[in-house]
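Make the full structure from the sequences, and use the hints.
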Amino acid sequence: GWRWSFALVALLATATAILVRIYAPLGAPAQGASALKELGALRRGQVWLTLATGAIGFGGLFSVYTYLASTMLEVTHASPSAIPPMLALFGLGLTLGNLVCAWAADRALMPSAGVTLVWSACALALYPYAAGSLWTLGPVVFLIGCGGGLATILQTRLMDVAEDAQTLAAALNHSAFNVANALGPWLAGFALVSGYGLPSTGWVGVALALGGLAIWATSYFIEQRVDQRFGIVRP
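Residue 158 is where the sequence shown starts when you use this note's numbering, and the numbers rise one by one after that.
Zero decoy hints are in this set.
What follows is a list of derived Cβ distance ranges for each label pair:
id, residue 1, residue 2, range
1, G289, A174, 38 to 48 Å
2, T293, F347, 20 to 30 Å
3, Y353, L249, 23 to 33 Å
In silico SDA-like cross-links for lysine to any residue, where the CA-CA straight-line distance does not exceed 25 Å:
id, residue 1, residue 2
4, K194, W205
5, K194, V383
6, K194, H331
7, K194, T324
8, K194, A328
9, K194, D321
10, K194, E380
11, K194, L183
12, K194, G184
13, K194, Q312
14, K194, E320
15, K194, M316
16, K194, A327
17, K194, A209
18, K194, L206
19, K194, S332
20, K194, L325
21, K194, T313
22, K194, Q323
23, K194, V318
No wet-lab data here; the hints were simulated from the structure.
Virtual Cβ for every residue (Gly too), placed ideally from N, Cα, C.
And the structure:
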């Protein structure tokens, strides 16, 4: 029954906790750390720009994912039994995206964020055309899932710009993605009630991904100007 799926998730979570305990390095507490210092992150413009990039840019993924099952049933005319494999395909894309984006972030952090947002916009633009067939929808859903690697990049970016307020920045990053999780489906819902149909959720996703790209470009431009002014050379 469906209850066993929750039991499986609990087992996976337990296994993950054990592996983290075994393999994650133990870090010493930061000297002079305090809640007041953590709040200092809220004074940094780059922190807010990074959070906004995730809150807007990641919303595109959720605008499609939320209505994916309905799209498969009403547009693709797929069997309900095809939904779990499709969601698994989306999850495989997320896994691969996180692996690749983590590798890219180590080498070119800000450019990799921009490329990932462009990737997401392009994949989401294919969604309305792919929704009519499982054979085309599957690969596109996988590509959209790959764009989820943006989370890894933005988490790394926040660790850099938050300086001595990394704990709060990490928490705010998850808050930003929860905003995206609400904003994407909400805006896609407007498209649906306006009569544009389930495939239009892809175009909503494109708009959000491009919105995130615009915020990223603003952040990158400001950082480049500051670096040039003060002669900062970044790795």
